[in-house]
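K.L.:
For reference, the chains in residue letters:
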Amino acid sequence: MFALLAVEIPYWGQSLLRVLGGLVAVLLPAGTIVYLFLFKMMSFMQSRLGPMEAGPYGSLQLVAEVGKWLQKEDIQPESADKPIFKMAPIVVLMSTFLLVVVVPFGPDAWFTDFETGVFYALAVSSISVLGILMAGWSSANKYSLLGGLRAAGQLIAYELPMVLAVMGVVIQAGTMNLQQIVFAQNASSMFGFDGVGNPYVLTQFVGFVVFMIAIQAELTQAPFDMPIAESELVSGYMTEYSGFRFLIFFIGEFATAGVFAMIASTLFLGGWGIPFAWFGWTSMDDVSNWMNIAGPIIVITKMLVLTFLIMWVRFTYPRFREDQLQRFAWKVLIPVSLANIMATAVLKVAF
Amino acid sequence: MKPKGKGNQLSSPAETSAAPVVDATRDAMVVAIRGTLGAAVVDSMVKPGDDIWVRVSTESWRNSIQKLKDVHGFDYFCFLSAIDWLPSPFGRGEDDPSEPAPERDSTIRPGYTGGDTRMQLLVRIVNSETHLGINVKADVPNDSYTIESISNVFAGANWHEREAHEMFGIGFTGHPDLRNMYLPTDFEGFPMRKDFPLLARMVKPWPGIVDVEPLPGGDATEEESAS
Amino acid sequence: MTILNDPVSAKLGNRQQLSYIASQAADARLNVELETEGMTLNIGPQHPATHGTLRIIARLDGEQVVWAEPSCGYMHRGYEKLTEVRTFPQVTTLVNRIDWLGSFANEVPFILAAEKLMGVEAPPRAQWIRTILFELSRIANVSLFLGDLGVQLGAITPVFLAFRDREYVLNLIESATGGRFHPNFDRIGGLKDDLPAGWIDETKVVMKKLRNFCDEIETLLFGNEIFQSRTRGIGVIPRDVALQYGLSGANLRASGVDWDLRRDQDIALAYNKVDFKVWTHPDGDSFARCWIRLQETREATLIVDKLLDGIPSGPVMAKVPKIIKVPEGEAWVSTENPLGEMGYYVVSRGDLGPFRVKIRSASFNNISITPWLLRGVYVPDIITILASLYFILGDIDR
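Chains as they are written, first to last, in my numbering: chain A, 3 to 353; chain B, 38 to 264; chain C, 769 to 1166.
Simulated from the structure, these hints should not be mistaken for laboratory data.
Check the hints yourself; a few may be wrong.
Listed below are several chain B residues computed to face chain C (Cβ distance under 8 Å; list not exhaustive) [stated by the list, open to error]: (1) Y113; (2) R141; (3) I145; (4) H168; (5) F191; (6) M229.
Only a predicted model underlies this, so the values are computations on that prediction, with no experimental measurement involved.
Quick reminder that beta carbons are idealized off the backbone N, C-alpha and C, glycines included.
Next comes chain A alone, as it looks inside the complex (with noise of 0.2 Å):
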């Protein structure tokens, strides 16, 4: 990111940068996509307006939540787990902001390239379900510890899926490195043609069903919202949580949208870059300057587009149940996605 900039930054001026960006780059996607999303896409689609009253067309409604929710009283309950029960939103979102790092915004605009990205972001993404699991125990509440033993349960059948879904594309690019990915879906051709560059939700097209499965019960979206599943444990883990600490779980379940929605698109849609072959790039030194203030929009767009996908699915699925969800794991998107890796080692041998 500070390559494009003139002057030489000292070290501590570089972490502040970045820190803020990271911010930024958590806390931006999850207001648009609640706004987005949450407000108004579900309320058109369920034939109803949203907010309406609080700012041009409802716009500073999610300022107002923020306030009310600043402004309630933080109960505990009196036989709650204190330390941890103040400590689990706080890893939750640690998660993400731990996860946000690897994403690449541009040629030189990233935060930290990984030779091992890929490998990384799949570690620390379950990090958010030690999480849950505090505060499913800590709150001394039944519904809580049901909810955080279904999370616990369900984030680990569905990390086996996920983790094979990106296999396909590791061994496709031939790299774990994110920044290497993208560079190697935009600047390779498919059959000579090099007109689009060669996306990985094309080639890998049954890895990306299977990742965007994935992170929808990753993320504990419906249909895979058994942890939360109000109508049955109230809220699940979050209920015993009020004010601010539900403040934090409910930013940490958007930007982890957010942020997972922004991996699938640098895993399959080929991240910040456009296909490098309509400016005649080749190589990564290529790239123009200007790719890095473009780079963040064109990602936050692929992401807007992944994030209304699993924004879609969970406000049109029912849930399913607890059994009914392990068996789909593990008897059809394990299988499912081990067969894609085979299929994709093959090819990749043969071509």
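Assemble chains B and C onto chain A, guided by the hints.
P.N.:
Here is chains B and C on its own, set in the frame of chain A:
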């Protein structure tokens, strides 16, 4: 998903018998029931085109219901309840609480098919094939207020007997658990008995015991005035 | 296995038998599996899944229910006692509040019972309007069920569609009776008023909208694989058990009993003047119950349409005395209410008010089967089963 077959055919003959003098189906049913239950039937009554009432003896209560279910196919359990035939010593709650309570007639006068006791049990069962229903009554002894449970004949009677137990204080022998259903566990008294006062009415009499006075500015279209 | 020789299962149809055996097997499994320390979960009295304040005490082994029992009475209002201190016309105000989503339907059987004792019959026009309003309250009630069903199973969209279209029906009820939820429109001997001008055309338009709504729900919810996998084979009630527990309405017809009080009894309503289909389903599971309700809602709109076409002219009030005294006697009248069979056993002593009124409400019987039904199911299935049995708290507690 059967298309509607017997509906109108069934209802149209009944429609012509809106006020019949005799009701052959129901009369025949009563005769058949008397044949099956024998001496257990104390009294019976048929309202033509309307309903059947049968009163059976207290001792044969469970057996009678069982036989009605097995022999006559009354397999649908509609409801079970009790009636306290004691006239309420508090009237309709229209007494002025500051005045001494007026004297009221307290003779017990039973309803259809008679009765010898204050409490009477009433169950309605229906034949699910012919849709013919009967009301079966039985006296509940005045000294013990106890009768046999029919919850092992009709599983659905379980909750109804619990309700009758807490509301009327009737004991059901053989009932699996006669816990309170609506009332708190330590509630004293049996609210649906006639001698249980409705306290809200005792402290402040109901002003609207007859509500035919016209509304302020009321006109001739007052609904009760049909004349 | 003794299950195959079980007297209950021997009488069942093939498909029902399999489901019944499955539920019995779930029972057996509970006993063989390694015993772990159980947990008692109180669902309610205040819980999103209970429409009101029903409490379900469930003993859980993991997510499986070992036994569960509803505990009601949090909303008991003592209507049976209160009727004893009111006059006959005043009772309709009380009974309106039993099933508060289909209030008008609660008034009708009570008024019919009083009319039966008095020997009065409402004029034909009043009977037709009663029937129309009765069906409208069924639509208002069951359309909410259809929307709410989605919420119970985790789909949030159907409930908004239901509220949108139910509003039209409530507006109709309001414009005819003056009350959206508690019309209190029925009088002994007829109705309070005639229909307002233009009401019939308006109703026909709304009925068309409601049929669209039914189609929408059918494709959005009933055609959904997740919905089907959540409801099919869950909470199977065999025919015998349904009869024993006195289930009624859609719950009974979903178990294969072809019995509808609108068709199968002679009652002073206009049902025998129109031709309509009574839907039954052989399966007896949650899906069947929900499906029957959907079909019945659509059928009700057709009934209303047909009734509107043939509505007779004339007065809406018979000649009744100004002060109503009901002659001595006993009468039982029940009708096919939105929730099931709703009946009143009225004992009169020739007085201003009833001597005893036994209110037989549908939900009380319908929910009394839950201890039997909830054994061995999973926690999410509790919600499915309760939603598909469809109860209104006021109808259980009275």
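K.L.:
Quick one: which hint numbers does this structure break? Sort them smallest to largest.
P.N.:
2 and 3
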